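> Spelled out, the chains give:
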Amino acid sequence: MLLFTLRRLGVMLLTALALTFVVFFMTNLAPNLEKLAKSEASVRMSDEDVTLWLDRNGFTRPLLVRYGEWLGAVPGWTRTAEDGVITGRCIRNGLTAETAPRYCGVLQGDWGQSTVFKQPVTEILSRSLGATGWLMFWVMALMVPTSLILGVLSGMREGSRTDRVLSSFAIASTATPEYVSGVILIVLLGSATAGISPVLASWGWIEGKTLFQGTATSAMDKITFWNFALPVLTIALYGIGYIARMTRASMTEVMTQQYIRTARLKGVSFGQVIMRHALRNALIAPFTVIMLQFPWLLNGVVIVETLFNYKGFGWTLVQAAGNNDIQLLLGCSVVAVFVVLITQLISDIGYVFLNPRIRLS
Amino acid sequence: MEELSWPVIFAKMAWHLLPVWIALVVTFALSIRFKRRLGLYGKLFDSTVAMSGFALVMFWVFTAIFADIIITHDPLGQISGMKNALPGSPVKGAEGTWYLLGGDSLARDVFSRVVMGARRVLAIAPAATVIAFMVGITLGLPAGYFGGKLDTLLSFVANLVLAFPVILLFYLLVTPEIRVTGIPIILAAVLFLFPVIFICVLLNSRYFTNPPQRNLYVGVSLVIGLWAYSGLAFNLDPLGVWSMDPNLLNVFVSVVFVNAPTVFRIVRGIVMDLKSRDYVAAGQTRGEGPWYIMLWEILPNARGPLIVDFCLRIGYTTILLGTLGFFGLGVSPESPDWGSTIDDGRRLLAVFPHPAVVPALALMSLVLGLNLLADGLREESLRD
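As they're listed, the protein sequences go chains A and B. Just so you know, we're using my numbering here: the first sequence kicks off at 1 and counts up by one. Just so you know, we're using my numbering here: the second sequence kicks off at 362 and counts up by one.
Chain B extracted, bound-state conformation (with noise of 0.2 Å):
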């Protein structure tokens, strides 16, 4: 067989490709159809720039979904004879089947295995994120809206973060001889509880003048919440749902470490300005408790920032992530996520550029995305 030529390789990698292109169009015909009812949502695709922002997100969104069916071959796999493979070779004693973006220097599916690591870095970074927002929001609060010597102590202890350098927090959090002494497991047990918090305090400040309606609301959270928290902090679920490898574990605790402080003082910054407001003022005068006023009356009026932070900290969090791959930390070397590909390879970049060039310009574009829909949310928002 023959090697394939570059717009033949492009037109096979969109056939493979064709289940993203379906549920884009199927997204964005429903989206645009009822944009005047979808609120916030609709109105991004009012802007071509949050539109082609969400498009690329969507994109990457999708491969992760799909990426069983759009892989053409095991991304662990290793083939005789496809080792640096260029671009569309045919694979050996496989008739019509081909490398369609060559093979890495362990002779595995570059485009495959691009397409895998979709899926990590989307399992991990949304999550990470979440998770320190809601670190990061149940601290900023009562730090902006209490002030005092709360507030000193946090943001101090925000600071000492902050002015660490993020190489070396990752080297000394992420490396194999830190987990026998069990630190991700204090730093997981401590930063896993704060959504638990934030969910319970949420609704009982809600729903406490209805006790009936209460206890149900938190009792039903809370036994999600710590049944999740025993699983993913401890590994200790007695149902074995919730469980999380110790090598990711430690990732994700440092990423959720190193992004949390961040939130904490942009969500300080913005109680503070609010706490001001009539409406906080005409709360006190009702009688209304302080958490009540924070979460309910000014946390859903800070929405706007937060939510333009929480794209841009998301792309941010995928680019720490292919840090920690490049560094070869935290994760195994299988691996096919993008920041371990890029590590792998540099090595040969001046000979064979293929390996590293396709998940770099992966990890760029969906980071590109995601800043691009931060923008437009940001121009978005600002107009209302």
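Next up, chain A with everything else stripped away, as it sits in the complex (with noise of 0.2 Å):
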């Protein structure tokens, strides 16, 4: 089992070095630099110029070597000026050549500054994971216990009327992409002028002019129900589905196996034997789906954060995607990738740790 995990631990750090790497060579692409120095510096730039401030700013130099200085393993760079002057990656903030540390990257936990945001960028990380944490935390509070049950009832009898029903909701709401689901409830439960909330005003049962609240903007100061049910039902109805599903095909496969029959013929009721017997087998399944549903969760928060404008971890990523805010972005691609990376390792631990006939052999 320790060799199992470590040779895990092992092969996902060397996941997140090539795929940092892939990042850190995707967001350093000589266009996009060329952007960068022309919205640092000046917009009307020649090609000189802009060369040599590139130059200046340690960007020319190999690819590899400020892969290293980013990561943290290669000293950063300094540069002695014609009048003496010495400007160097980590002289800022006040620090100068004598007082500034060798090494700062992602290891020493100077993550960079955010051009867009002109603050340093783990202090933009923090708030805005802090955010989404409050996000995930409700739609696992509503994913979670809804789809296992969904998909116990519709899987303890196979081709009943329940299971049909709860089978074609399943499989509209994998249909539904959140984009959709977020536009067609908003319309139907957040708009002041269609769905149900004007009919609700109308006959008083509402105090605003809406049921929900089709922006969670306010929700970064109060989380209420108001505010944060649209966003929270959103991304969940994509992922019910899909668990639900699941744990559906996984149940329907338990009640198939012998002990089960066993039990009823030993005259334990249907109830006694769903509880007892068949759940702790049947769950085992769900528990890699939902952790292996946490990236899919990270997509559907960032369209829905867009969505709802809802400043947290998927909007700040959107708004470094789109202004060529490179520590920023690479800041956001290193939580992407290691919050993807331990979830499979969770996934892969659990399921051994939750399987006996694994954990034993």
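Warning: the hint list may mix true and false statements.
Said to hold, decoys possible - Ranges of calculated distance between the beta carbons of each label pair, as one might list FRET restraints:
no., chain 1, residue 1, chain 2, residue 2, range
1, A, 165, B, 397, 44 to 52 Å
2, A, 25, B, 400, 20 to 28 Å
3, A, 323, B, 466, 21 to 29 Å
4, A, 141, B, 666, 29 to 37 Å
5, A, 133, B, 374, 41 to 49 Å
6, A, 262, B, 642, 50 to 58 Å
In case anyone wonders, no lab produced these hints; they're calculated from the structure. Model, not experiment: these values are computed from the prediction. For every residue, glycine included, the Cβ atom is placed at its ideal position computed from N, Cα and C.
With the hints as a guide, bring both chains together as one complex.
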């Protein structure tokens, strides 16, 4: 078990290095750097000026060396100008050439400065991850129990009417990506002119103009049911269908096993069989699915935060990518890549841990 | 003129979609009549789920085919005074015409745009899925069959791509700047080579015992394949038949790139399961080559799960294309494709919902149809 975990960790680190290098390469392509030079210095720079600026700011050295610097494995560059002033990668924020550290990269906790927000990347990321954390928490709190209950209910009697209805719902929800369900939910529940809100408002059942709010900007300060229900529902809806279908498949498989029949023939009641015998085995597969769903949620988070204007991680990623904010985009990718890899690791280990047939062999 | 009421709007839309209904009725009548002779396709018509899914998909396919006849206005044309017009508004200055589903924020007809958008979506999604499948199969078969170092390497690369958050990959791959660097062309050059390799190996392994026939088949497919390859990947077709807009190539390549590793994993898994079967051992004893066994013994036996996944994957690709459009990546702002139309419409969503809701429902119904079709196919193929 320990060896397995260590090997998985090794592969994970290798993957993380490879992925961050790819992102570094893609964000540091020549056209992006040129755009950066023009936005940082002056829009009307000549090509020679751009080259000069890039050279002065250490962007012309080999890609691998720059990647090493960004990572913190290679000492940051320094440069002595003709008038004796020393500039360097680590010399900023009031540090002088003497006091600045030699290494300043991601490993040292220096993630760089965002060019759009004019703040350190770590600060922006911790703030936006906090916001997204709340979103994810409520999504999980809604999605996991709902989908498991739906899956178990439809899988316990395969082919019954309940099964048909719930399966249709699951198929429909997997066919509705977040940008579609978000739009439909806003129109249905969060619009002052369409959907059910005007009707409810004219009956005097709701206080404001709309049942739910169509944007989640105010949720940055205070999360309420009114401003947070729609984004959470939108993300959860897409995942519910998928997890419910996986749970159903695993539940129907368990229900055909010999030991379930034996238990029924012994005279154990149907409810007891489900609770005692079937559920424990049926929930192993969905656990993996739920963990692997995290990268998916990341996708959904980006769409929903853009749609509802909620300034979390996904919104930051879109801003960074749209405005050529290289340091912030790199920071976002590191976080995203690690979220994906860690959930994969947990799902692998969890699967082995939960399944005695693999654990003991 | 007066505004139309909802029943009249639906009646008028149904009238404009008449070619689609006729084509649907003909397809269903012929298929049900001859369903016993049509193999797996015929079996679709034994299950209600599969039939309804098939009907939804074919509805959009026929809409895309007959789009030129169906549209009521130019999908890019702006008519003054029709900005954000409500559904059923009469067109100003033109007697007897209406914006059936209203106008968008640039005063264009929503109905015609959705119909034209179907053509765009249905041109890219299935083609990209087919290429992704060929890449996945060509790499997945040897990885699963031979195993060893090749498998380890390919699986590592596949996992690398899969660990990338899709949106981030799109933001990195589908930007206007990246075209300058030539990365999309390199990716296209690699990815588009696989269909040619796949078809040549497929034919070669089947006919290599009969060299004249083999030379003819492989030669013809090489000529056509490389001809298309030069045009699609490098835009260097001497005759100018095959070409691809650079924007479209960019989108196409990234969608294939995202999909291929999943197909690879599925194919690899199936092959690892099937290669211990008796018929594979029998083939090996007969002295059949590994590629013949992979392509002509194992692959046909893996078709059930692959066809089901193919349907699901077209739906998934449609969703991905919509996501790209939603973030305004890689498509021209004029383009009527559903994702970017939803993105345009969402700015005024709370006031004028119709420009965003109509393409949203269209996209949902197409993906729903594909999912239902896949579900029906799965049930029918399990029944054998």
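> If I claimed the Cβ atoms of residue 141 (chain A) and residue 666 (chain B) lie 29 to 37 Å apart, would that claim hold in this structure?
Distance hint for residue 141 (chain A), residue 666 (chain B) holds at roughly 34 Å.
> Return holds or violated for the Cβ distance of residue 133 (chain A) and residue 374 (chain B) against the range 41 to 49 Å.
holds, 45 Å
> Look at the Cβ atoms of residue 262 (chain A) and residue 642 (chain B) and judge whether their distance stays inside 50 to 58 Å.
Once the Cβ atoms are compared, 37 Å apart, the range 50 to 58 Å for residue 642 (chain B) and residue 262 (chain A) is violated.
> For the range 21 to 29 Å, tell me whether the beta carbons of residue 323 (chain A) and residue 466 (chain B) fit it or not.
Check passed, 24 Å falls within 21 to 29 Å.
> With respect to the beta-carbon atoms only, verify the hint that residue 165 (chain A) and residue 397 (chain B) lie 44 to 52 Å apart.
Once the Cβ atoms are compared, 32 Å apart, the range 44 to 52 Å for residue 397 (chain B) and residue 165 (chain A) is violated.
> Between residue 25 (chain A) and residue 400 (chain B), is the Cβ distance one that fits in 20 to 28 Å?
Violated - the Cβ-Cβ distance for residue 25 (chain A) and residue 400 (chain B), about 48 Å, lies outside 20 to 28 Å.
Checked against the numbered hints listed earlier, the structure breaks hints 1, 2, 6; every other hint is satisfied.
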